[in-house]
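Engineer: Chains as they are written, first to last, in this note's numbering: chain A, 827 to 1158; chain B, 17 to 372; chain C, 5 to 365.
One should not assume that every hint holds.
Stated by the list, open to error - Here are the computed lysine to any residue pairs in the SDA-like style, where the Cα-Cα straight-line distance is at most 20 Å:
hint, chain 1, residue 1, chain 2, residue 2
1, A, Lys1052, B, Tyr362
2, B, Lys288, B, Arg168
3, A, Lys1091, B, Tyr362
4, A, Lys1059, B, Gly93
5, C, Lys58, B, Asp369
Claimed, not checked - So the derived label-pair ranges between C-beta atoms look like this:
hint, chain 1, residue 1, chain 2, residue 2, range
6, A, Pro829, B, Glu46, 50 to 60 Å
7, B, Asp96, A, Asp1007, 44 to 54 Å
8, C, Gly245, B, Asp108, 33 to 43 Å
9, C, Gly302, B, Glu165, 13 to 23 Å
10, A, Asp1007, B, Thr262, 50 to 60 Å
11, C, Arg283, A, Asn1153, 44 to 54 Å
12, B, Gly254, C, Gly245, 41 to 51 Å
13, A, Arg1081, C, Pro114, 55 to 65 Å
14, C, Gln177, A, Gly959, 36 to 46 Å
15, C, Leu178, B, Ala146, 51 to 61 Å
FYI, nobody ran anything at the bench for these hints, they're computed from the structure. From the three backbone atoms N, C-alpha and C, an ideal C-beta is built for every residue, glycine too.
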Amino acid sequence: MKPLIKKLVEAVGPSGYEGAVRELVKKEVAKLADDVRVDALGNLIVRKGKQGSGGLRIMLSAHMDEIGIIATHIDENGFVRFTTIGDVGPRTLIGGRVQFLNGAYGVIAGEWLTGTDQVHSFEKMYIDVGAAGKADCPVKIGDLAIFDRPMLDLGSRLVAKSMDDRIAVAVLIETLRKLKDTPHEVYFVFSTQEEVGTRGATTAAYGIDPDLGIAVDVTGTGDTPKGMRMAVKLGAGPAVKVRDGGMLSDPRVVRWMADTAEAAKIPYQLEILEAGSTDARAIQLTRAGVPVGCLSIPCRYIHSPSEMVDYNDVQHAVSLLTILISNPIHLQ
Amino acid sequence: MAELKDFLKSLLSLPGLSGYEDPVRAVIREAWNPLVDELSVSRIGSLHGLKKGYGDEPRPRILLSAHMDAIGMIVTGIEDGLLRFTEIGGVDARILPGQPVTVHGRRELPGYVVQPPGWLLPEDQAANKAVEMKYLFVDTGLRAAEVNELVRVGDLVSFAQAPIELTGDLLAGHSLDNRASVAAVTACLQELQHIRHIWDVWAVASVQEEETLGGAYTSPFEIRPDLAVAIDVTFARGPGSPANYTTFPLGKGVTLGWGPNIHPALYEAFKKLADRLDMPYHDDLMPRMSGTDATGIQMVAEGIPTMVLSMPIRYMHTPVEVVSLKDIARTGHLMAQFIAELPADYMQTLRWDDES
Amino acid sequence: MTPKKTSPSTTPLIGTEQIALLERLSNAVAVSGAEHEVRKIVLAEIKDLADDIKVDALGNVLATKHARQEPALRVMLAAHMDEVGFMLVDGEDGLYEFATVGGIDVRQLPGKTVLVGKDHLPGVIGAKPIHHTTPDERRNAISLDNLRIDVGNENGKKVHPGDRATFATRFQQLGPSLVGKALDDRLGVVTVIELLRHAPAHIELLAAFTVQEEVGLRGARVAGYALDPQLAFALDSTPAGDLPTWDGEESPRYNTRLDGGPAIYVADQGTLSDPRLIRYLIQTAETFGIPYQIRQPGGGGTDAGAIHKQRAGIPVVSVSVPGRYAHTAALVARLDDWQHTLALMYHALEGLTPAILDQER
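Turn these sequences into a full structure, and let the hints steer you where they fit.
Structural biologist: Right, here's the structure in full:
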């Protein structure tokens, strides 16, 4: 699964411009799916199975998009000013490299600051693309870029940009590969524009009209030196989300997921994330409402260019998700 | 009124936090069962009661939405048998120290919210400052080993303060926001038992208002009403609350919402009716959003003409909210009379004031 | 930008009639949630331009002009009728506290004249005489709590809390500029009316004159759901911040520039425009020699933010007329920019086919 993960996390796909990732996923799922389509917002919707008696229509969602930047101004000297796409923290940027969708590269630098303990606001940063002047600049207003960084394989720990949420894209692909038989009609949705407000999942869910929705996404951890306080750890299994900053999981779904993990002896953790949200938020409020849950991959340093996950957690997530959708479901 | 009070007190003794409304839904279900023709539960837990009208089919539908979810807390971690927690629905940490609560673990555990002494807290939580929620604990009195057996991350913590009758018709308790409105809808359904109304009435006890307006966005999509009324609580004038247009005298009548979330013709209709019934009311000006289910309901599908009725309560989002039972009864009566008089062709006559 | 080719003579023009309509609309009062005055004008104007017209539960005007040939493409055009303003919330005898509706910088308010209620009663927002202020006090902005709308004792009998009010600015033309209140988005309203008038035969044109844009794109949400188009354009006005910087340095932030032509959106707070539609608009502008600019990506938003999330998703893009000083007593826009916006949209609709949706975004 590591080669697949590497391919996915090194692909370029900021919110709204997920084409390259979509092509990659399409190739992976082509032979495994019963039906593949792309909707108006670019969501890749992959169906497996047909709804039998007692079966449900299930939507699984992992978002293809990643955070990035977008050029707002090219100055007289060819330096690029920018704003962010998705929730980017200014602390992780200076000295980093970006790759534009048109192939141009650049480094992020900042204006001179008087104090060494100051942090650059985005307004005080710029991207140097190596241009000698405005005429020479390969970037124009409205061009998007992502934070360039190759994957690092540390054995059981993997580090990359866009683990959020390509790691879940990999989990969905592997689950589809492992899924032998299901009484359900399962829609594997590789969604778009999650980082700017779960927009792709909103329309995908409307189109699919599922009976049950499960987002697969990353969540934070509380296992780093003097880090945020949170009960989730790397390597202790995937997390069953109870709530996050924007959603309360359906308690029936939480029970079903946790009970299934216990019965299958798959390690899992219960998660409460006090900020952020996932595609599940959008699915829950679709049409007349949808019971939802979220399976989270614990991840350190989320929204930095070096997001770290545990490979065992990832594999356990695939196992748990496969079991969850292989058997009849009775929420209670 | 005594019946209303007892029903409301039974609602106030129950948990039913946002997203976890099962316990309170069961009791409302029981109360509505004899009052409606059909009962169902939405896919995310809102209770729908249909009381059929006497008009010819297809009958127009009015939806009455009162959210049944309550604010509370949820366990985020367990340390040495003490529970860390965060809030659900909007809780001010300053009301918590010393608060009696119930922890909904493998079994229900009584406990108290406790504030550690200052020397155990970071410097910025000094003695005279409010202590942030993340530094508070719930103490169940049990030893760590037992707590670890009985409680896990994600378990709910609800207020355990029992309802209290104050003087006159005032009742205090937690979750009056918005169980007071559930009681008002119930009173309306009771009154409708003796009225031959033309319209179908859909009573909805909605979920997740305090968090996502979840019930408000979803139930109307399923029911597709022609009109909707959101019933909620508003701010009563009292200690600490501003003496401006956002607050109203307690026990002096219902409030009629006015603003972008409200169809102006519905406001006019309710106002005329209240005048005719000689019922006291105040205008609740909502220049932007109403902060109620109406904010969601109005925008469902092709859009729904929506009205907001509210009852003033004091100390909103504390365990000692105070409401006047009279205001609840008035709200129920106003809705019932409105429904009683709805003609079959009301939608054909509903106009914006610039339309001929 | 030099025009490669002058617009053909079929391009609809902004003439005295269109400017007169803009003037009436700019002078009308339609604070979010109370759009009746503008709705009334719109309904009268489009009476003979559309095949089907309705007012929905929120007060949106939804007008359909049917295609006259197949295959038809269902295209939604949205422009919002509402404007930012005030609601009186408390007070009596002619002196009222008020709340702001929509994004208003309170520093814009002291010393302004306003129109109050359906009868447009004149009022003023006063300020403490400079003689009674201290230098310290004058360094701080005057807060909303300290402002009142004053209509005078007599008219106080005709005014009630709950009434809406807005700036009393009268529309005028100043040289190349159009100056008035609420040109955001009355410019878009007139543009959509003109596009209805000149609708191409192969387009099923779904015009939405929306409400409550300034308080959360609320009208557009239900309009997008009801009209269910294959793609949509939001026509709005966007700030031009092309003023000198305090230190004379090059400004990296201006959003758009006056005289730069229609502003095409790539990204704002609520929407990532459909890349196919961005490319198509740029291509159209270049083909017809219409000047255009890319609005600086960033905050703000238009009805597109609500429309694109309706049903199973709707490809959208926004096009705005740049205007200085939006959400104040007077916005300044250029007639030329407006004309170019209309030309761009007209030619875009003319050449639009369902094939655009077959490309991957």
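Engineer: With reference to the structure, classify each hint as holding or not holding.
Structural biologist: Structure-based check of all given hints:
| no. | hint | verdict |
| --- | --- | --- |
| 1 | Lys1052(A) - Tyr362(B) | 63 Å, violated |
| 2 | Lys288(B) - Arg168(B) | 54 Å, violated |
| 3 | Lys1091(A) - Tyr362(B) | 60 Å, violated |
| 4 | Lys1059(A) - Gly93(B) | 12 Å, holds |
| 5 | Lys58(C) - Asp369(B) | 14 Å, holds |
| 6 | Pro829(A) - Glu46(B): 50 to 60 Å | 58 Å, holds |
| 7 | Asp96(B) - Asp1007(A): 44 to 54 Å | 47 Å, holds |
| 8 | Gly245(C) - Asp108(B): 33 to 43 Å | 39 Å, holds |
| 9 | Gly302(C) - Glu165(B): 13 to 23 Å | 53 Å, violated |
| 10 | Asp1007(A) - Thr262(B): 50 to 60 Å | 59 Å, holds |
| 11 | Arg283(C) - Asn1153(A): 44 to 54 Å | 46 Å, holds |
| 12 | Gly254(B) - Gly245(C): 41 to 51 Å | 45 Å, holds |
| 13 | Arg1081(A) - Pro114(C): 55 to 65 Å | 58 Å, holds |
| 14 | Gln177(C) - Gly959(A): 36 to 46 Å | 40 Å, holds |
| 15 | Leu178(C) - Ala146(B): 51 to 61 Å | 54 Å, holds |
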